[in-house]
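*Asks:* What follows is each chain in one-letter form.
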Amino acid sequence: KAGVTQTPRYLIKTRGQQVTLSCSPISGHRSVSWYQQTPGQGLQFLFEYFSETQRNKGNFPGRFSGRQFSNSRSEMNVSTLELGDSALYLCASSVLGGETQYFGPGTRLLVL
Amino acid sequence: AQSVTQLGSHVSVSEGALVLLRCNYSSSVPPYLFWYVQYPNQGLQLLLKYTSAATLVKGINGFEAEFKKSETSFHLTKPSAHMSDAAEYFCAVTSDSNYQLIWGAGTKLIIKP
Numbered sequence: 009k010a011g012v013t014q015t016p017r018y019l020i021k022t023r024g025q026q027v028t029l030s031c032s033p034i035s036g037h038r039s040v041s042w043y044q045q046t047p048g049q050g051l052q053f054l055f056e057y058f059s060e061t062q063r064n065k066g067n068f069p070g071r072f073s074g075r076q077f078s079n080s081r082s083e084m085n086v087s088t089l090e091l092g093d094s095a096l097y098l099c100a101s102s103v104l105g106g107e108t109q110y111f112g113p114g115t116r117l118l119v120l
Numbered sequence: 074a075q076s077v078t079q080l081g082s083h084v085s086v087s088e089g090a091l092v093l094l095r096c097n098y099s100s101s102v103p104p105y106l107f108w109y110v111q112y113p114n115q116g117l118q119l120l121l122k123y124t125s126a127a128t129l130v131k132g133i134n135g136f137e138a139e140f141k142k143s144e145t146s147f148h149l150t151k152p153s154a155h156m157s158d159a160a161e162y163f164c165a166v167t168s169d170s171n172y173q174l175i176w177g178a179g180t181k182l183i184i185k186p
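For the record, the sequence lines run as chains A and B. The numbering used here numbers the first residue of the first sequence as 9 and each following residue consecutively. The numbering used here numbers the first residue of the second sequence as 74 and each following residue consecutively.
If you are wondering where the hints come from, they were derived from the structure by calculation, not from laboratory data. Any given hint could be a false lead.
A partial selection of chain A residues facing chain B, derived with a Cβ cut-off under 10 Å [stated by the list, open to error]:
#1 Glu56
#2 Asn64
#3 Gly114
So the derived label-pair ranges between C-beta atoms look like this [said to hold, decoys possible]:
#4 B:Thr124 - A:Ser30: 28 to 38 Å
#5 A:Arg81 - B:Ala90: 42 to 52 Å
#6 B:Ala127 - A:Leu120: 49 to 59 Å
#7 B:Ser87 - A:Arg75: 42 to 52 Å
#8 A:Arg38 - B:Pro152: 30 to 40 Å
#9 B:Ser85 - A:Glu107: 29 to 39 Å
Beta carbons are placed, not taken as given, at the ideal position from N, Cα and C, and that holds for glycine.
Isolated chain B, as found in the complex (with noise of 0.2 Å):
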């Protein structure tokens, strides 16, 4: 069965400097790979998808994500941290054999000033 992995509960990176989130999934290509932003006390908030159309994805923000089928691997990157990205990310892919998506258990990302 599909599953998600997120490397680090929380990752910490210093205003301006490179944003790295990782995520890893274990089985087939899943028709679809997303990553989601939750803010403090709100919903979490679409940030990219990816749909096999290309392995870079470009999201809002300033974020992107790649692609690596052969690492079985959904980064998400930054080039330059602002304080504003100071929240909660999750992974997501869609489940091989129904309807659900799977989630990684989320990265708090925390920037220092």
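Just chain A, same shape as in the assembly (with noise of 0.2 Å):
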């Protein structure tokens, strides 16, 4: 099986503008997290979707969205981008959520 892919994988922006991220996971899961990871703050929840439902969400404010599709596919927006908002933001998908996560190669964001 194809294994969790993300795109794009490198990402420049201003302050200001806005960006969207997309996953393809495993074909069959129903679960997609997303995460951000900066050297100072780790790595960080942000949401899960399932069913193209969200169903979890972490302490992040409401410039950060998701969304699923029907076939599992999700992306992630961050609008009004600010200079904290650069990290790796990774991807991980499972079948049902709370099991094992398959992570995709991540979306490395720098926002100037």
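Take the two lone chains, each set in its own frame, and fit them into one complex as the hints suggest.
*Replies:* Spelled out as structure tokens, the structure:
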């Protein structure tokens, strides 16, 4: 089976812009989770989608949003980018959630 | 609420020495416990998973972890460190109440030649 894929792998944006990141889970996986990873804060949970519904949400401002499509592919959007949003954004998929998560390679976002 | 503590943000060992990375969980026995590894500029890769079938779990790359309920621990070990083991290691447990994974802060393993 193909693994979790994330696009794009690298992205440079300027403050105030918005960005959309994409994640394609492993075939048959219905749960997709998103994480932000920074050197200072470590790995932080953004949200989890299961069957097109947001099931869990981390402690991030409303500028961070996501969605999941009927084929389980997921997107996350960050509006009004801030310098502090520079990070590695990781997507992980699992069959049902809460068991083994399989991670994509991440999207590295740099906000200038 | 469940939490995970990894003792030591950085651990340094000599090549060929024993690797011991510590992980403790806080409350009732979670359904699953995991160790993941992250190499530079990559995503996280599953090393091993505990599912209550056996207290000693063997993973990839020669790593293993032992679940000790009395100590609420799930420490990761490898008998002999290799330079290629240099990476960041994360411990995670399944939440008691929902479908989330609860993550430790990570431990960077440094291998000295």
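*Asks:* Look at each hint and say if it fits the structure.
*Replies:* Hints, one by one, checked against the model:
no. : hint                            : result
1   : Glu56                           : holds, 7 Å
2   : Asn64                           : holds, 5 Å
3   : Gly114                          : holds, 5 Å
4   : B:Thr124 - A:Ser30: 28 to 38 Å  : holds, 31 Å
5   : A:Arg81 - B:Ala90: 42 to 52 Å   : holds, 44 Å
6   : B:Ala127 - A:Leu120: 49 to 59 Å : holds, 50 Å
7   : B:Ser87 - A:Arg75: 42 to 52 Å   : holds, 48 Å
8   : A:Arg38 - B:Pro152: 30 to 40 Å  : holds, 39 Å
9   : B:Ser85 - A:Glu107: 29 to 39 Å  : holds, 33 Å
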